[in-house]
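Taking the hints into account, I'd like the entire structure generated from these sequences.
Here is how the chains run, residue by residue.
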Amino acid sequence: MTDLLRVRDLSTRFFTEEGQINAVENVSFTVEAGSVLGVVGESGSGKSVTGLSLIDLVESPGRITGGEIWYNNADLAARVEGDQPEAVDGDFVDLRRLSEAERRSLRGSAFSMIFQDPMSSFNPSITVGEQIAEAAEVQRRASANPRSTRSRTQGYGLGRMLLDGVLPDRSYTSEESWDRAVELLERVGIPDPAERAEEYPHQFSGGMLQRAMIAQALAGDPDLLVADEPTTALDVTIQAQILDLLADLQETLDMSVVLITHNLGVVARVADRVSVMYAGEVVERGTLRDVFDDPVHPYTKGLLGSVPDIDQPGERLEPIAGNVPDLVDANMPDRCYFADRCPKAMTDCLTRPPEYEVNDGHRARCVLAEREYSEADAVSDERLAGPTDDGAAADDGSTAADGSIASDAEVSDD
Amino acid sequence: MTDPLVTVDGLEKYYYENDTLLDRLTGAEPEAVRAVDGVSFEVREGETLGVVGESGCGKSTLAETLMRLRDPTGGSVTFDGEPVFELSGDGLNAFRRRAQVMFQDPFSSLDPRMTAGEIITEPLAIHGVGTSAERRERAETLLEEVGLSADQIDRYPHEFSGGQRQRIGFARALAIDPEFIVLDEPVSALDVSVQAQVLNLLADMQAERDLTYLFIAHDLSVVRHISDRVAVMYLGKVVEIGPTEEIFENPQHPYTKALLESVPRADTDERSRTVETIRGDVPSPRNPPSGCSFRTRCPELIQPPWLDVPQATFHEIGEFRTRIENGDIDVDLRWEQVGDPDREDRAAFVDSLREEAFDTELPADDEKTVREAIRALADGDRETAAATLRERYRSPCEAIEPALPAGEHPSACLLNEQPEDVETAREEWEADHDAPEAGASSR
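These protein sequence lines are chains A and B, in that order.
Using my numbering, read the first sequence as starting at 1 and increasing by one per residue.
Using my numbering, read the second sequence as starting at 1 and increasing by one per residue.
If you're looking for bench data, these hints aren't it; they were derived computationally from the structure.
As the structure is a prediction and not an experimental result, all values here were calculated from the model.
Honestly, I wouldn't trust all of these hints.
Label pairs and their computed distance ranges (CB to CB) [what the hints assert, rightly or not]:
hint, chain 1, residue 1, chain 2, residue 2, range
1, A, E375, B, D154, 33 to 41 Å
2, B, A207, A, S125, 51 to 59 Å
3, A, N123, B, L22, 29 to 37 Å
4, B, T131, A, N123, 53 to 61 Å
Positions of the beta carbon are idealized from the N, C-alpha and C atoms, including for glycine.
Structural data, given as structure tokens:
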């Protein structure tokens, strides 16, 4: 299978008043063409920022500080090659080295994104059809005149704006785009799309609005759809409908999907490959089977052990002790980030682990990929707690309190 | 079997809209939102009763109403033999000491200007338990018990993580030694690893202190994990209740089945599992469907006795009916789509809508009925169109409201055993509605 996207050492940082936050740290992964990559992790693990970084939507005070995103597109490669030969490698183009305008022109047509909360992603005062038609219109104008989307104004300059002020009922969208919007609504399974297109977002239910948002994201026929927690705000019966829809669209349109979620069941349902994120890093990646049936990293194991099984309820859950660290650069220790919560921490873990290859395509950022755990090398909690600790960390091994780390500094939950 | 600690009988909580003074003066009819609509169940001593349902099914309102945090509009709740809604003075105080509640959102349920210690001792202070020093000591013990450390007593909520805050909320609920705790989505705002910690804590405390829990959640795997018995709610009503094993292994109500099917399993076999998703959305509690409230989405909707079409076809016809009855189909727009704004070619209109609405082949009689309905619609006569379809395709589920019979594992569905009065009503209805005469609707 060919790769659509190869991400190498991507880092995104936020420069806040509390200090530098390392939201995404040297993340690497590949997205194969026509497949689904699941990105799982808890809140604050950097999974959403990874998604935003792919499409270059990170907002101030955040910035992508390093890394390469190689995108497989022969046309683009041919076009860019003349000006920037260093950004091209065969059919692949490094998006990070392209100009802002060039990257912008890829949004919608190459990459598209859907968000968690459909209610807040639509403008409540414009009909759903109009908003989808707008997305279609941008793509239509862009293909008619490629220069226009690359310009800052997208063909909507000062003159147009003034004219629209004087003639308020002039619509940005054309009839053609409206028809396309209705067609898209039908494609995502909304009954009576022509009628529904005339309605406003509040007249839609949550599930229907999520469908509408997917329709909007499809307007530019993207190669890659980034879906950030697309079903988290929905009820299970509706979630099942949306997952079915995503799987169906992915197959029929032959798109790739990056599905970001905290729900392991959702990943199991649709993903081909999985990346597990913790504290801004990808700690384990591989095929669904590698990660779910054969996990190497203790965090992956812990995550799987924390979920109650609906078919075989066990007596007791095995949670991971402690909390997700806050990612402030000054507080991040120079060792494995998971060591202080890890039941198998060893002296080896006091240095930052590289990504080890477990087997072909299955990688884990943990020394256990290379060697067995041995009691003799176990490292004490005191040593892991580090200099910033105030003594609360060492009080429990067995009671599984989540009290140890977050008590040290302010807690950032998202 | 142990005795019930809490008995809920026909509990109702309606909210009224259009009920302002102006509305009353202008004579507008108040509109009821039936958040909780006649719910009955028992919580037995020492057990955990799980209540599951999708958002808007009334499970939180149920909890708040039975704790007397909201005024009920009907029904009764008995706590250890005492009628909760009639208590006052000392009796009410005693109830408030014996029953506590823990809320969902760890960020808004703790006062940001109170320290952990103040939060935990507040119930003690309200009920005048102990001196201030004793209360503080108690708070320290409680903090340790819920897995925090005693020296965190003077910290403020913002200094704690979500999981830690839920522990404080739980310590507050435990402070005055209650017997009964309502847990309203206690773990849904937490990450999975932390969620597991809190679930273990809840289970430990229950074993240690003989607590009775009413556990409200939307996450079915969590409910299965923690509950002894489970009640499934849909649109303000309990549709099925029974022992956890029974509910999960042998669900009776089509809604429970659909709900269980829909949960994605964290397992590599998940991809190959076929899930029969139920279509559509939960209807509005402002205007719930007649008869069985789940019938608009039900995959097992009962066909009228005179009809025998494949279930998939019946379902499609049902959806088409709903679209016509709700006025979802805009006739003017359809004529435009057919490209015939002068409305001359009725056949083209009928064909196009017929094709769009049905994927399956219809039996000859049904084809006729459906086309007749669409013809009426083409003339702009929605009433006749709806009536034509209603005549032939009305299901007993829309006329008869199922009830929850007595027993260990009852379900409110006409397919299952029903109380006598419901059975009688159904027989009467079927007798009253003979098969439409052959050809009558397909003239």
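Comparing the hints with the structure gives:
{"no.": "1", "hint": "E375/A x D154/B: 33 to 41 Å", "in the structure": "holds, 39 Å"}
{"no.": "2", "hint": "A207/B x S125/A: 51 to 59 Å", "in the structure": "holds, 54 Å"}
{"no.": "3", "hint": "N123/A x L22/B: 29 to 37 Å", "in the structure": "holds, 32 Å"}
{"no.": "4", "hint": "T131/B x N123/A: 53 to 61 Å", "in the structure": "holds, 58 Å"}
Checked against the numbered hints given earlier, this structure breaks none of them.
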